[in-house]
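So the chains spell out like this:
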Amino acid sequence: MAVATLEGPAVEPVPQKPEETERLVIFAWSGELDKIWPTLILATTGAAMGKETTVFFTFWGLFPLLKDQAGITGENWMQKMLSMMNRGGTEHLKLSKMNFAGAGKAMMMRLAKEHNVASPHQLMALAQELGVKLVPCQMTMDLMGLKREDLIDGLEEPAGATTALAEAQGAITLFI
Amino acid sequence: MAVATLEGPAVEPVPQKPEETERLVIFAWSGELDKIWPTLILATTGAAMGKETTVFFTFWGLFPLLKDQAGITGENWMQKMLSMMNRGGTEHLKLSKMNFAGAGKAMMMRLAKEHNVASPHQLMALAQELGVKLVPCQMTMDLMGLKREDLIDGLEEPAGATTALAEAQGAITLFI
Amino acid sequence: MAVATLEGPAVEPVPQKPEETERLVIFAWSGELDKIWPTLILATTGAAMGKETTVFFTFWGLFPLLKDQAGITGENWMQKMLSMMNRGGTEHLKLSKMNFAGAGKAMMMRLAKEHNVASPHQLMALAQELGVKLVPCQMTMDLMGLKREDLIDGLEEPAGATTALAEAQGAITLFI
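Chains as they are written, first to last, in this note's numbering: chain A, 132 to 307; chain B, 132 to 307; chain C, 132 to 307.
Extracted from the complex, chain A is given alone in its bound form (with noise of 0.2 angstroms):
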């Protein structure tokens, strides 16, 4: 999301988007499997169908984007507090529900792979081939001090709210 600093939001320049093109814009709010699990999903299906397809990961949605020993970063301590809570990637993700020590997830992980459901590491790449655009935000990532090289390659320039909501516009629009 662009930086709505204490003077007002920012507002920055907004590309116009032809009416006619199939769009969807999914706001990844949450980090948890359970959640990217469906974001991933809905995104390369959507790709898949010939729509333009963008993810613009926020607020805790940052954390499957970050490289897996990206965990400790941040200029003081509560960043790498928040950070160190977060282990990113794609690999460390929890259930939002039913956790159980991670017996939840090791579950769901088992019954996925039995079903040959992609699982998120494999629906990230997918989403990157098939030209899911998939973009970071860049006020959250100043808010827990993330640098462009914690994230995982193959992502967009970081952008803010306007960008997303320019993108949004007569588009399919989620918050996961």
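Read the hints as simulated data drawn from the structure, not as lab findings.
The structure presented is a predicted model; accordingly, all values stated were derived computationally and were not measured.
Fair warning: there could be bad hints in the mix.
Only pairs whose alpha carbons sit at most 16 angstroms apart, straight line, appear in this in silico EDC-like list of lysine to aspartate or glutamate [claimed, not checked]: (1) B:Lys-264 / B:Asp-284; (2) B:Lys-278 / B:Glu-288; (3) C:Lys-244 / A:Asp-273; (4) C:Lys-264 / C:Glu-288; (5) A:Lys-264 / A:Glu-163; (6) A:Lys-244 / B:Asp-273; (7) B:Lys-264 / B:Glu-163; (8) B:Lys-264 / B:Glu-288; (9) B:Lys-244 / C:Asp-273.
Estimated spans, in silico, between C-beta atoms of each pair [to be verified]: (10) B:Asp-284 / A:Thr-152: 38 to 46 angstroms; (11) B:Gln-259 / C:Glu-288: 29 to 37 angstroms; (12) A:Lys-278 / C:Lys-278: 31 to 39 angstroms; (13) C:Leu-286 / B:His-252: 31 to 39 angstroms.
Interface residues of chain B toward chain A, partial, derived using beta-carbon atoms under 8 angstroms [unchecked claim]: (14) Trp-160; (15) Thr-189; (16) Phe-190; (17) His-252; (18) Ala-256; (19) Met-272; (20) Leu-274; (21) Thr-293; (22) Ala-299; (23) Thr-304; (24) Phe-306.
A virtual CB, placed ideally from N, CA and C, is assigned to each residue, including glycine.
Put chains B and C on the given structure of chain A with help from the hints.
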């Protein structure tokens, strides 16, 4: 949602919708009382306003569609365990917050009754009466080992993400 | 939301919106700090971009609209109890995750301040200044026993689901 296999997301035939029809498509991801309530209130209100209304029940959202005694299903222990942890039917939903071993829910239900607000059970019946399309997610059913006969009557055929996204183009879209 | 009574959902008169106006409609269901933040950042950014912006506060989302000392309201013990469990006002919001008895929130607020990001309290004032329509849900107010004078100034008249869905047709729609 469509089964997004390791080979890529499944692409189903895409029904085209006339642009001029007003439509509402809700992705009902959460099975909790305080989420299924707004889902059904918005769906029945939308239908009463003449909008073509679809609710796509996915992930935890599938549990309110279970028959009351369908609690124990699935071919293996993992699916049985997941099923047991989630007793189905709208009579057994919990609040996502302030549950207090059921007291929060009891209060809410009693308040709703006193204020003449319909219960989820009644709203589900009303939705069916008003022609709201209630669509269970095929992928979630596969993942949880649920069969069509485990679900309540009056639902549409199970479908995937492609169908849901095709309905969603040009509609009011909410992920709840 | 409209009172969906046992006789069916209430149907309010439906205002028609010109299709060409860019609009943003947020259904603010959650009262927590990390949800009200994106709600208000997106709303103020949308308004600053020239979008006609409406936030419809429903369920737990109503609590940030309570006057700070309106904590104890309601005509009976159940409503009193619900009200007390939810001390209103944007100064008392909790994070939905990692709250750590308030430490998570304190960290987040301090981080936000250091990075010059507006607080929910400031964003709420900014939203009013920018002409964002802040609409409390009539049904939730009835359910919780809240009166207009329990809520902060500068809000629109309380309204129901029909009004919210009428605004939502053709708009960017997000359920947060």
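Inset, instruction - Hints the structure violates: just list their numbers, smallest first. - result: Of the numbered hints given earlier, those the structure breaks are 5, 7, 12, 17, 18, 19, listed in rising order.
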